[in-house]
Amino acid sequence: MNISDTYSFILSLLGAAAAGLVGGFALMKRMTLAGDVISHIALPGLGLALLLKFNPLLGGAATLFLGTFLIWQLQKKTGLATETAIGVMFAAAVAVGALVTPKEDLIEALFGGFERISAWEFAVGLIAIGFIAFFIAKYKNRLVLSFFSPELATAEGVNLSRVNLYFLLIFSLTIIMGLQFLGALLVGALIIIPAATARNLTGTLGSFLVISAAVAILSVAAGYLVSTKLNLSLGPTVISVASIIFGVSLFIRQK
Amino acid sequence: MEVLSIKNLTVKFDSQTVIENLNLSVEWGENLAVIGPNGSGKTVLLKALLGIIRYSGEVHWASGVKIGYVPQKIDADRYLPVNLLDLMKAKSEILRLDKKETKSVLETAEISHKVLSTPVGHLSGGQFQRALIAFALLGSPNVILFDEPTASLDQLSEERIYELVSNLQKKRDITVLLVSHDLSVVSQYATKVLCLNKERICYGTPAEALRPEILDELYGRHQKYYQHGDHKHSSNK
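If you read the protein sequences in the order shown, they are chains A and B. In terms of the numbering used here, the first sequence opens at residue 1 and continues consecutively. In terms of the numbering used here, the second sequence opens at residue 1001 and continues consecutively.
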């Protein structure tokens, strides 16, 4: 493994840990499917970047954050449920994305691949992961109270609107981290499956978050090894591994 | 000494007025029961006092007031991987409380280890209400707002919850604002009663407020309450 591959591998493991943790909160907020859907909002940006020959992640990130902001505004101004606002944005993004993405690049944009990254990109990735970790550490308690009862959280002084916006932004940032190696179609799965697996195994918060992150890391590590050995696509292999772990967790399910 | 003063409180949702020009003051250590028919603005009043809904008029809490809130009903998600200990920890960390306080609150609210470690969505009605009370007690509040704390409970659980509330008030010198449908509970525990039906219909001691003609005006039909055993029960005639 050369240094660039090592950077990619480390970053994909850290990205997986972030996806597992953020996925845990998304499950509690009952918006795991949003991960699948939100990731598609990156598609127009990925397509435009491929068309205009600049870094696809930058393009994906730009439309993802724009989309996230619009979703937040839509639910705030119109009172639409988060999932409805995301649904509207998703449909528009997929349509525009399919129109602008060059056909030969569409498969990679959807399913990802193991890209070599530079030291600079590695550093930016580490900062993004650090940011996600900082957010979770700082807002974990406010998020938990707001999931339990938005009313009670407000009574305890939690600013729900702000916490919701920050969470959506962190959620999008996590998706960007996974976008490159899993693709727009599969990155959402790394948010849903480890969290669902962890919920099958435990009913307490601390162990739930730890297991969710661990399953995500294990899926990426094992997926990487298997895909390298058998010369398979990385994204689909990682998600297949995660799905198998989920299947096993069904047999040892807790209430 | 006043702990709460309300002047010309009005709450409107769109064009519908829910509370109109309410004036009220509450003294420290009082146990004020708020009664009234469904939709009379009782829960809305508590939410206005907590500042979680918009209102016009003036709500003034005395300095040094720390409020605990026990909401009417929370439909806890059965899928939520969170137990009472997680919630207590979350609140405790937000308020930067000493860990010892959680322990002391759990003892006061008589929370068993089993209740503490069960996911909140799996607790029984009585366990859940007790858990909400423990949650409200964290942070040493000197005022607690109870919104029908026993609405969905059986008689025995209800009595246990009110015994707990009553003991708390004695031990911790807490001012209580209690929304209740149960006039027997009101007559037994309240020191003052506010009858609310969009506006103030009556205010006074239970003996003054729970008179048939006032209840007629408040509920639109005669409400009586009767006693059997050690406890009184209410019914509609």
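Bear in mind the hints are in silico, worked out from the structure with no lab data behind them. Source: prediction; values computed, not measured. Just so it is clear, CB atoms sit at the ideal spot from N, CA and C, and this is done for glycine as well. Treat the hints loosely; a few may be bogus.
Reference listing, derived: stretches of chain A covered by chain B, where coverage requires no fewer than 3 residues with Cβ under 8 Å from a Cβ of chain B [unchecked claim]: (1) 46 to 56; (2) 137 to 143; (3) 151 to 157.
Below, computed lysine-lysine pairings styled on DSBU-like, alpha-carbon distance capped at 30 Å [said to hold, decoys possible]: (4) B:K1012 / A:K140; (5) A:K140 / B:K1103; (6) A:K29 / B:K1066; (7) B:K1114 / B:K1103; (8) A:K138 / B:K1100; (9) A:K76 / B:K1012; (10) A:K103 / A:K29; (11) A:K77 / B:K1099; (12) B:K1170 / B:K1099; (13) A:K77 / A:K229; (14) B:K1007 / B:K1099; (15) B:K1114 / A:K29; (16) A:K29 / B:K1171; (17) A:K138 / B:K1171; (18) A:K138 / B:K1114; (19) B:K1073 / A:K76.
Which stretches of chain B does chain A cover? Using the computed rule of at least three CB atoms under 8 Å from a CB of chain A, they are [claimed, not checked]: (20) 1107 to 1120; (21) 1160 to 1172; (22) 1211 to 1218.
Among all the numbered hints in the text so far, which are the ones the structure does not match? 1, 4, 10, 11, 13, 14, 16, 17, 21 and 22
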